[in-house]
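**Q** Can you make the complete structure from the sequences, with help from the hints?
As they're listed, the protein sequences go chains D and S. According to full-length UniProt numbering, the first sequence is numbered sequentially starting from 1. According to full-length UniProt numbering, the second sequence is numbered sequentially starting from 1.
Keep in mind that the hints were calculated from the coordinates and are not lab data. Among the hints, erroneous ones may be present.
To be verified - Derived BS3-like pairs: lysine-lysine, alpha-carbon spacing no greater than 30 Å straight-line:
1) D:88 - D:44
2) D:49 - D:88
3) S:133 - D:88
4) S:114 - S:189
5) S:114 - D:44
6) S:187 - S:133
7) S:187 - S:114
8) S:187 - D:44
9) D:141 - D:49
10) S:114 - S:133
11) D:45 - S:187
12) D:141 - D:44
13) D:45 - D:57
14) D:57 - D:44
15) S:189 - D:45
16) S:114 - D:57
17) S:133 - D:57
18) D:141 - D:88
19) D:141 - D:45
Said to hold, decoys possible - A few chain D residues that don't get close to chain S, going by computed Cβ distances all over 10 Å:
20) 62
21) 65
22) 88
For every residue, glycine included, the Cβ atom is placed at its ideal position computed from N, Cα and C.
Each chain, letter by letter, is given below.
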Amino acid sequence: MSGNGASSSSLNMISGEDVVNNNLTALVVDDSPLLRLLHEIHLKKYGLKVQVAENGKVAVDLFHLGASFDLVLMDKEMPVMNGVEATKELRAMGVTSMIVGVTSKDGPGEQQAFMEAGLDYCFEKPLTPEIISILLEELNKHNKKD
Amino acid sequence: RWKPRLLECEIPASNPKSLQISKPKKVNLRPHFLLLKFAFLPGFKYPVAKTGLPLWMLGLDADRLRADLNRLLAFLFHLGILDEQYLQLQQLQDESSPNFVSEVVNIYFHESEKLLRNLRSLLMDRDFSDYDKMGIHLNQFIGSSSSIGAKRVRNVCVAFRAASDQNNRAGCLRALELLEHEYCILKNKLHELFQIEQQRLLAAGVRYPMLN
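**A** In structure tokens, the structure reads:
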């Protein structure tokens, strides 16, 4: 998928104007306070309950403590534990949440390595409302199947 | 037939090289003079602001300031200093988060100045060789600049990162100077935007008098 640098299987470009879901939870994992705030506000506008974590280790610890989230927005470059390591660890724990990587302008090789860690999708920062609404549509479809 | 005199706001022209935000402007007061017919009702008192101007006239400043704001934004877009991501930020601002844009931008300033200090500190070290660390700082800068629509700053960071990837110290130094310059321009222009917005909100806060 082109546009915002997504390297993933194709997503259905369905309009997400009416995607407001009060049941979904999300975890924003990013070392930048600005990106955490931005993505948090974006997701809250769609009715999601949002938590934040400043690095991969905090995110993994949350899951270890029994937390679960429908959506995880995972930054790639973070101190302590980066996005690649955190994603591998979460998948190894059996976490089946939708994990979406967000990166700065990386080369295709680096995004590929991030995808191979276990991401569902990968996009360039920042996530736009269009991308978020598409992701939520996909989440809702997954939840209906379950 | 008597016609109301048009007001002209004479504002001195600024430096020709910079944007002339406020130009002499003619304002048509005809719709507002319709209110004057109520002034002759017995017992009616026109509310007067501290400046001595009738309150209903102060609302005109809000329109002028909004026009100034839009002109400045268009100028910043035209120069590539900001891009449409800044508009996305504005769309996230509402009654529940009325200061969202200024909060985000203040966080951006705080983060950016820390990153610029770190980058300068790395490059000023004679024995500097940790280009990986520099790349991490630059990735952060690229991400945060993209998030607020700081297009030119972001582009300079990308060029800076390319120099860092090639371990090109001279190129990194040049890029750092350009980055500091672009960041200063962005910060000044955003401050200008917020000042105009503050003035506009103050002026728009004046309401027309309730007429019984």
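**Q** Within 30 Å, alpha carbon to alpha carbon, are residue 49 of chain D and residue 88 of chain D?
**A** Within the cut-off at roughly 24 Å; holds.
**Q** Is residue 114 of chain S close enough to residue 133 of chain S, meaning Cα to Cα at most 30 Å?
**A** Cα-Cα ~14 Å, so holds.
**Q** Are all beta-carbon distances from residue 62 of chain D to chain S longer than 10 Å?
**A** holds, 22 Å
**Q** Going straight from one Cα to the other, do residue 45 of chain D and residue 57 of chain D come out at no more than 30 Å?
**A** Roughly 27 Å between the alpha carbons, so the hint for residue 45 of chain D and residue 57 of chain D holds.
**Q** Quickly compare the C-alpha distance for residue 187 of chain S and residue 44 of chain D to 30 Å and report which way the hint goes.
**A** Satisfied, since the Cα-Cα distance of roughly 28 Å is no more than 30 Å.
**Q** Within a Cα-Cα threshold of 30 Å, do residue 141 of chain D and residue 45 of chain D meet the stated pairing?
**A** holds, 20 Å
**Q** Need the status of pair residue 45 of chain D, residue 187 of chain S: alpha-carbon distance at most 30 Å?
**A** Since the Cα atoms of residue 45 of chain D and residue 187 of chain S sit roughly 28 Å apart, the hinted pair holds (cutoff 30 Å).
**Q** Holds or violated: residue 133 of chain S and residue 88 of chain D, Cα atoms, limit 30 Å.
**A** Given pair residue 133 of chain S, residue 88 of chain D holds - Cα atoms ~23 Å apart, limit 30 Å.
**Q** Hinted pair, alpha-carbon criterion (30 Å max): residue 114 of chain S, residue 189 of chain S. Please report holds or violated.
**A** Status holds; Cα separation ~20 Å.
**Q** With the threshold set at 30 Å, check whether the alpha-carbon distance from residue 57 of chain D to residue 44 of chain D stays at or below it.
**A** With a Cα-Cα distance of about 24 Å, the restraint between residue 57 of chain D and residue 44 of chain D holds, given a limit of 30 Å.
**Q** Take a quick look at whether residue 187 of chain S and residue 133 of chain S sit within 30 Å of each other, Cα to Cα.
**A** holds, 25 Å
**Q** Under the criterion that the straight-line Cα-Cα distance not exceed 30 Å, is the pair residue 114 of chain S, residue 57 of chain D satisfied?
**A** Holds, at about 23 Å.
Going down the numbered hints, you'll see the structure goes against none, and every one checks out.
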